[in-house]
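Student: Top line first, the protein sequences correspond to chains A and B. Start counting the first sequence at 1; every next residue gets the next number (my numbering). Start counting the second sequence at 407; every next residue gets the next number (my numbering).
Don't read these hints as lab results, they were simulated from the structure. None of these values were measured; they are calculated from a predicted model. Careful: at least some of the hints might be erroneous.
[What the hints assert, rightly or not] Label pairs and their computed distance ranges (CB to CB):
(1) 3/A with 454/B: 32 to 40 angstroms
(2) 31/A with 665/B: 55 to 63 angstroms
(3) 260/A with 421/B: 28 to 36 angstroms
(4) 45/A with 640/B: 48 to 56 angstroms
(5) 454/B with 60/A: 27 to 35 angstroms
(6) 421/B with 390/A: 39 to 47 angstroms
(7) 701/B with 45/A: 52 to 60 angstroms
(8) 391/A with 529/B: 53 to 61 angstroms
(9) 149/A with 640/B: 35 to 43 angstroms
(10) 454/B with 149/A: 29 to 37 angstroms
(11) 628/B with 45/A: 24 to 32 angstroms
(12) 695/B with 287/A: 29 to 37 angstroms
[Unchecked claim] Pairs of lysine-lysine, DSBU-like flavour, derived with a Cα cap of 30 angstroms:
(13) 529/B with 30/A
(14) 692/B with 143/A
(15) 143/A with 426/B
(16) 549/B with 20/A
(17) 110/A with 311/A
(18) 597/B with 123/A
(19) 529/B with 110/A
(20) 123/A with 523/B
(21) 143/A with 615/B
(22) 529/B with 117/A
(23) 615/B with 688/B
(24) 143/A with 549/B
(25) 110/A with 516/B
(26) 143/A with 688/B
(27) 436/B with 117/A
Note that the Cβ used here is the ideal one computed from N, Cα and C, for glycine as well.
Protein chains: 2
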Amino acid sequence: MALIVQKYGGTSVNDDERIKIVAEYIALTKSKGNDVVVVVSAMGKQTDQLIRLANDVSTVHPGREMDMLLTAGERISMSLLCMALSELNVQAASFTGSQAGIITDTVHTKASILEIKPDRILKALNDGFVPVVAGFQGMSVEKEITTLGRGGSDTTAVALATALQADVCEIYTDVSGVFTADPRIVPNARKLTALDYDEMLEIAANGGKVLALRSVEFARRHNVSIHVRSSYTWEPGTWIKKEEKDMEEALVSAVTHDISEAKITATKVPDKPGIAASLFRKLADKSINVDMIVQNTSVEGNTDISFTVPKTDLETALNVTREVLPQLGGTEVLADSDVAKVSIIGAGMKTQPGVTALTFETLAGCDINIEMISTSPIRISCLIRKEAVEQAVLALHAAFNLEATG
Amino acid sequence: MALIVQKYGGTSVNDDERIKIVAEYIALTKSKGNDVVVVVSAMGKQTDQLIRLANDVSTVHPGREMDMLLTAGERISMSLLCMALSELNVQAASFTGSQAGIITDTVHTKASILEIKPDRILKALNDGFVPVVAGFQGMSVEKEITTLGRGGSDTTAVALATALQADVCEIYTDVSGVFTADPRIVPNARKLTALDYDEMLEIAANGGKVLALRSVEFARRHNVSIHVRSSYTWEPGTWIKKEEKDMEEALVSAVTHDISEAKITATKVPDKPGIAASLFRKLADKSINVDMIVQNTSVEGNTDISFTVPKTDLETALNVTREVLPQLGGTEVLADSDVAKVSIIGAGMKTQPGVTALTFETLAGCDINIEMISTSPIRISCLIRKEAVEQAVLALHAAFNLEATG
Chain A
1 MALIVQKYGG TSVNDDERIK IVAEYIALTK SKGNDVVVVV SAMGKQTDQL
51 IRLANDVSTV HPGREMDMLL TAGERISMSL LCMALSELNV QAASFTGSQA
101 GIITDTVHTK ASILEIKPDR ILKALNDGFV PVVAGFQGMS VEKEITTLGR
151 GGSDTTAVAL ATALQADVCE IYTDVSGVFT ADPRIVPNAR KLTALDYDEM
201 LEIAANGGKV LALRSVEFAR RHNVSIHVRS SYTWEPGTWI KKEEKDMEEA
251 LVSAVTHDIS EAKITATKVP DKPGIAASLF RKLADKSINV DMIVQNTSVE
301 GNTDISFTVP KTDLETALNV TREVLPQLGG TEVLADSDVA KVSIIGAGMK
351 TQPGVTALTF ETLAGCDINI EMISTSPIRI SCLIRKEAVE QAVLALHAAF
401 NLEATG
Chain B
407 MALIVQKYGG TSVNDDERIK IVAEYIALTK SKGNDVVVVV SAMGKQTDQL
457 IRLANDVSTV HPGREMDMLL TAGERISMSL LCMALSELNV QAASFTGSQA
507 GIITDTVHTK ASILEIKPDR ILKALNDGFV PVVAGFQGMS VEKEITTLGR
557 GGSDTTAVAL ATALQADVCE IYTDVSGVFT ADPRIVPNAR KLTALDYDEM
607 LEIAANGGKV LALRSVEFAR RHNVSIHVRS SYTWEPGTWI KKEEKDMEEA
657 LVSAVTHDIS EAKITATKVP DKPGIAASLF RKLADKSINV DMIVQNTSVE
707 GNTDISFTVP KTDLETALNV TREVLPQLGG TEVLADSDVA KVSIIGAGMK
757 TQPGVTALTF ETLAGCDINI EMISTSPIRI SCLIRKEAVE QAVLALHAAF
807 NLEATG
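This is chain A alone, in the form it adopts within the complex (with noise of 0.2 angstroms):
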């Protein structure tokens, strides 16, 4: 008998057929003997159709409104999943994030986790209830209703499965797990089976979309085992964990892709230190993540900093990069949003050299221009033109042979 957190993201509860089949299998789990917790997003359209219904009524959307708009979509999921629970006589209590004891900061649309109270969730489960809790969502100290942002529910998941030291975190989704490279693109991209918390890390930061971020952060500091799986075929996935010491670093798990990055060029900007130092203070100061940088020095002394963000900040930081550039001493500054990340990803590359060589090889092998280049102990990011991505994860996977076997 474990004690088991199950996340259902929106594409697992998207109707009522669905939120009937994750009650069955909830049912399924709990019949085994095990104590399950259940935490649930927002039924698949519907944090699409409030933030729609926003835009219908007001240009202006402060963030407690928004909060408050879109923690909504959970109070339907949950609620309904209880009932479909009922009736297949298993008792059930949905929680919201208040009750279930989420404390955040007042940080609204993007709040963070400050603590967890889960007594009222300890009780159901001595009282034998699945306790079904709002993912997404949580009370700010101030007694504000806070939402954690993008990716929200999977960290309310692993940060529940921390504070109750649940035996494993279940993050059911569309897909049956992590794989080596997008099987959109890569046909024979393969399952992983296991992957360490340095490794998902990365992939989650630089484009795989399976796992948010930041709950890969949270379960890597309290040491949660994650399985992503499919609430479709409800086979086996791909465990996060720590890293075994017996365990072989494969060189390369995983090619990456990103496409929801910009980048920016200030041009000219003299060569003198400290001048750098003021824009990305700037930036920071309006909470863009920066992530690639490269500084081109030139023979006259002067450089070309180029960075990107996120496409959706980019307006605010070319404004930001607009009005330091005076300061600055640039001459214009340029905006580009044709250009994506490919990165090759593995724990083992920290201790076998060869990989950034095979893969400027194969990138230069498909005629493709590298523009800038970032790296860490376990990965090799590459920004490119747009148009060219699919064919650099293609090539990179068969380079470093990551296809399925047989």
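Based on the hints, put chain B in the right spot on chain A.
Tutor: Below, chain B alone, put in the same frame as chain A:
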């Protein structure tokens, strides 16, 4: 400068356009120097949609989960209304029942308000905000989310007006006030300028749909003036307030009708003391509101007991009656859903005779048979065949000269 509680029902905030119109009117009220507290229902058909979803996923609907589900509705409407107010540069903040301090018992789906702790609402007012409060919902003493049942939003508004000592509680709806009869049946029905609490109570209890009975009871107990009016025309509506001594009381203020009840008859019950009591005790135990009761003694010492209950409770009431029948010593239980109740209501009738006679004469003149009668000091109700209801209302409205003049 006044403190005004404005309640907007589902039809008033039906869609994005209506929400914007309501926001403009709130902004106007505020710009005149008033403090405004808004109570809002779920948008138009939202509640029906959520109930449909519940039916789709399960035949079992635990009250706790229904409350969780349905309270999503006001979260959506109130946050959208706050956004629309923000667009008009009116600072607004939404509050759930819990946040507004609406403390209830834990009778899910039909909770009663025990207390209001409006600290956060008062603080928001003090800070210059328009608090927008979710109608229909509260938090129980056991920290469970509850709903107040039918007409709950009206009750929220009146209860808040009481707690905040508001100058007036304006109930906005899709009709322009309380009429002498349903204008869909009586085209020349007249809008009433003012009614006292007792009259409004009788109207609400006997088929008038404009205000929920509970909210009128609450207003009467706490002497809150209600102004029922239209959110489409914004014209002055009907005031419901304490009877003023110098106010000349209308003999008859309104004719109402109600087709929401059904008649149950237990036949040939021995005419002994205590027999009926045991039946009505058991019905009360099931929370069934019995309205009219008639007992006809026959020559053989047996009696037929007839009574009316809401059609929604008919099934349960029939089961209870059938169960009790052997103890009653009765013969059979009959149900009849094709009945209607017409009522004549007027504060003046308690001092002036003749109303009963004219009522009976009018119905007799239409060849309408009266099956049951019940009266109060300011009301006469007659149960008739359902198909005769429109004819009866028209005839009574004309007989008591209630039509609009001019």
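Student: Next step is simple, just say for each hint if it's right about the structure.
Tutor: Verification of the hints:
For residue 3/A paired with residue 454/B, a C-beta distance near 39 angstroms keeps the hint of 32 to 40 angstroms intact. Between residue 31/A and residue 665/B the beta carbon distance is about 48 angstroms. The supplied range of 55 to 63 angstroms is therefore violated. Restraint check, residue 260/A to residue 421/B: a C-beta distance of roughly 33 angstroms satisfies the suggested window 28 to 36 angstroms. Our hint of 48 to 56 angstroms for residue 45/A and residue 640/B is violated, since their Cβ atoms are close to 36 angstroms apart.
With their beta carbons about 30 angstroms apart, residue 454/B and residue 60/A fall inside the hinted range of 27 to 35 angstroms. Against the hinted window of 39 to 47 angstroms, the Cβ-Cβ separation of residue 421/B and residue 390/A comes to about 43 angstroms, which satisfies the hint. Distance hint for residue 701/B and residue 45/A: a CB-CB separation of about 58 angstroms, consistent with the stated range 52 to 60 angstroms. In this structure the supplied range 53 to 61 angstroms holds for residue 391/A paired with residue 529/B, their Cβ-Cβ distance being about 60 angstroms.
Between residue 149/A and residue 640/B the Cβ separation comes to about 40 angstroms, which falls inside the hinted range of 35 to 43 angstroms. Hint check: residue 454/B to residue 149/A, Cβ distance near 32 angstroms, so the stated range 29 to 37 angstroms holds. One distance hint, 24 to 32 angstroms for the beta-carbon pair residue 628/B and residue 45/A, is violated here, with the actual separation near 44 angstroms. The given range of 29 to 37 angstroms is broken by residue 695/B and residue 287/A, whose C-beta atoms sit roughly 56 angstroms from each other.
Proximity of residue 529/B to residue 30/A is assessed by CA-CA distance (about 46 angstroms); at most 30 angstroms being required, the pair is judged violated. Taking the CA atoms of residue 692/B and residue 143/A, the gap is near 38 angstroms; set against the 30 angstroms cutoff, the hint is violated. At most 30 angstroms may separate the alpha-carbon atoms for a hinted pair to count; residue 143/A and residue 426/B meet this at roughly 28 angstroms. With a C-alpha separation of about 28 angstroms, the suggested pairing of residue 549/B with residue 20/A holds against the 30 angstroms cut-off.
Distance hint between residue 110/A and residue 311/A is fulfilled; the C-alpha atoms sit about 17 angstroms from each other, no more than 30 angstroms. For the proposed pair residue 597/B and residue 123/A, the alpha carbon gap of about 55 angstroms is over 30 angstroms, so the pair is violated. Restraint check for residue 529/B and residue 110/A: the C-alpha separation of about 25 angstroms stays at or below 30 angstroms, so the hint holds. Under the criterion of a C-alpha separation no larger than 30 angstroms, the hint pairing residue 123/A with residue 523/B is consistent with the structure, at around 28 angstroms.
For the given pair, residue 143/A sits about 37 angstroms from residue 615/B by alpha-carbon distance, which is inconsistent with the 30 angstroms threshold. For the suggested pair residue 529/B and residue 117/A, the alpha carbons sit about 28 angstroms apart, so the restraint of at most 30 angstroms is met. Among the hinted pairs, residue 615/B with residue 688/B is consistent with the structure: their alpha-carbon atoms are about 29 angstroms apart, no more than 30 angstroms. Restraint check for residue 143/A and residue 549/B: the C-alpha separation of about 14 angstroms stays at or below 30 angstroms, so the hint holds.
Proposed proximity of residue 110/A and residue 516/B is contradicted: the alpha carbons are some 35 angstroms apart, above 30 angstroms. The suggested pairing of residue 143/A with residue 688/B is violated, with an alpha-carbon distance near 44 angstroms, which exceeds 30 angstroms. Straight-line distance between C-alpha atoms of residue 436/B and residue 117/A comes to about 41 angstroms, which puts the hinted pair past the 30 angstroms bound.
Hints 2, 4, 11, 12, 13, 14, 18, 21, 25, 26 and 27 from the list above are not met by this structure, while the remaining hints are.
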